[in-house]
Amino acid sequence: ASSQPDVAEAEVFASAGANLTVRLNYTSHIPSNGVEEPKSTESYGLGIRATFRTPGGIKTGFGSEPTDLSVDGAARALDKARYGAVSDTEFVSLPKLESPQRAATTNDEPLANYDPALMRIGGKGLVDAGWRMMDRALDAFQSSEDLMGIAGSAEKMSELGLILGGDVVMLQDRMAIASNHIPKVQTEQTTLVMSFATAMIESQASKGSGWSVASKLAEFTGEAAAEAARNAIESMDGQRIPTGEYNVILGPQAVAEILEWVLMPGLSLDMFYAGASPFMGKLGQAVASADFNLYDDGAAPGLPSSKSITDEGLPTGRTDLIRGGDLSGLLADYYNYQRMLNDPTGREKLGVNPADALAKIAPRNGFRPGNGGGRNFGAMPGAVSSNLVIEGTPGHSQEELLRLVGNGVYIGRIWYTYPVNGITSGDFSGTIIGDSYLIQDGRFAAPLKPNTVRMNDNVLRLINNTLGIAAQRRATVRWSSDQVTWAPEIAVSGFGLEEISEYMESV
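Count the sequence shown with this note's numbering and you get residues 1 to 507, in order.
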């Protein structure tokens, strides 16, 4: 590409990925297959970002070509980039190794965060993983004394309406990148195995969930399905609560859901550039409780979503986003990093001179996520988290959090969580759908009936009103994403909950 006379800069990114998925579909009272729809979605190709010399000045463009990694494929991708090139006065250059992503060491080695067994797995291995989930769930149902007591006998247990749904997802990813500025070809391969399960006991109007995430096949046990079944059993005889403000404990899944859908968009450098973050002008200032710490570390050894390099060919690393309650950094890709450095209003937007905050806004997170996870040659880079970690200072046990709450609600699983009134307001809403309990006198008292309560609160108020943060964290992923959040339980005061009308239960 760079040999073309009109090409000033060029970057070639190639990827090959596969998403292997098997569905779980079991109903005890209706004929079902248990495990079904084993399938794979595979893609490979290359994308080229380039700048072109034109009579009207420098123009930038991007083009991609699927299923062809040959010179001819690269030529077609370059032609697409040339055809779609536009003038961008905010563009500085393609990525260079000039920004403080992380300190270099003399013995840096690739993270090798992949599993050969996952790379080689075929259809039989995928289906076996699905049946492992199913077997674990059925064992949990059939060994339950509570269910046996309700059914009266093992033969009648199927009449309770036992349901298990979910899926197992395996990601296989390979990439390579090179450019004028970083001419050495860099490569990486990663793997991830995720599972999601929801169990229900239809006759008891109860629901439970479970999940798991790992980068190695040997770490997959199917336990997520057993966890879902146990949680469904524990949520029988759920109670309703009236609308009000409650002290609550947010479980790991609820924390991850609120964090990724509501809080994280405001911690991205491009949102600061656009003037659309709720934290405008507050870099280095207090934005949360002093015990709240949040960072992203794409280079952490042993974490499932770690990678050696970004999809811009730059080193990954740790970015402290909130430290001791202070806004201490932002997720960034190279394009927006350069835009902010050259923005005459950068000090006003950040609250500090961008040139004095290079390490805080370094481009450690320029990734090209695919639909369902993985790296996508047909996408442009953007700021995407990898391993988000929340820590408390100090970290508490669950028993300590329960005592801090006193009387309130444990919120285990939520869904349909989204910002309202725009990202800058911090307002959000969502529905509590399971794994939740009433807390009385610092102890779990009774299950909360699923789908009877909505959350209506503000994430800025939430992170400023923490009662305590648990020491133990759990790897948590959203469905159709490979971004991992290491989420603890978090106790919060005065959380807004709204009762859903009872007539909705029969709709």
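Heads up, a few of these hints could be off.
Straight-line C-alpha distance at most 30 Å; calculated BS3-like pairs for lysine-lysine [stated by the list, open to error]: (1) 282 - 184; (2) 282 - 39; (3) 184 - 96; (4) 39 - 216; (5) 59 - 282; (6) 80 - 216; (7) 184 - 156; (8) 39 - 124; (9) 59 - 184; (10) 184 - 124; (11) 124 - 80; (12) 96 - 124; (13) 59 - 39; (14) 96 - 349.
Don't read these hints as lab results, they were simulated from the structure.
For each hint, the structure was consulted:
1. In summary, the hint linking residue 282 to residue 184 is not supported, as the alpha carbons are separated by about 38 Å, beyond the 30 Å threshold.
2. For the given pair, residue 282 sits about 47 Å from residue 39 by alpha-carbon distance, which is inconsistent with the 30 Å threshold.
3. Taking the CA atoms of residue 184 and residue 96, the gap is near 12 Å; set against the 30 Å cutoff, the hint holds.
4. The hinted pair formed by residue 39 and residue 216 meets the criterion: a straight-line CA distance of about 20 Å does not exceed 30 Å.
5. Of the pairs offered as hints, the one joining residue 59 and residue 282 is violated, with about 34 Å between alpha carbons and a cut-off of 30 Å exceeded.
6. Distance hint between residue 80 and residue 216 is unfulfilled; the C-alpha atoms sit about 38 Å from each other, more than 30 Å.
7. For the given pair, residue 184 sits about 66 Å from residue 156 by alpha-carbon distance, which is inconsistent with the 30 Å threshold.
8. The suggested pairing of residue 39 with residue 124 holds, with an alpha-carbon distance near 11 Å, which does not exceed 30 Å.
9. Restraint check: the Cα-Cα separation between residue 59 and residue 184 comes to about 25 Å, which is no more than 30 Å; the hinted pair holds.
10. With a CA separation close to 38 Å, the supplied pair residue 184 and residue 124 exceeds the 30 Å bound.
11. Between residue 124 and residue 80 the alpha-carbon distance is near 40 Å, which puts this suggested pair outside the 30 Å criterion.
12. The straight-line distance between the Cα atoms of residue 96 and residue 124 is roughly 44 Å, outside the 30 Å bound, and the hint therefore fails.
13. With a C-alpha separation of about 41 Å, the suggested pair residue 59 and residue 39 falls outside the 30 Å cut-off, and the hint is violated.
14. For the hint linking residue 96 to residue 349, the alpha-carbon distance of about 24 Å falls within 30 Å, and the restraint holds.
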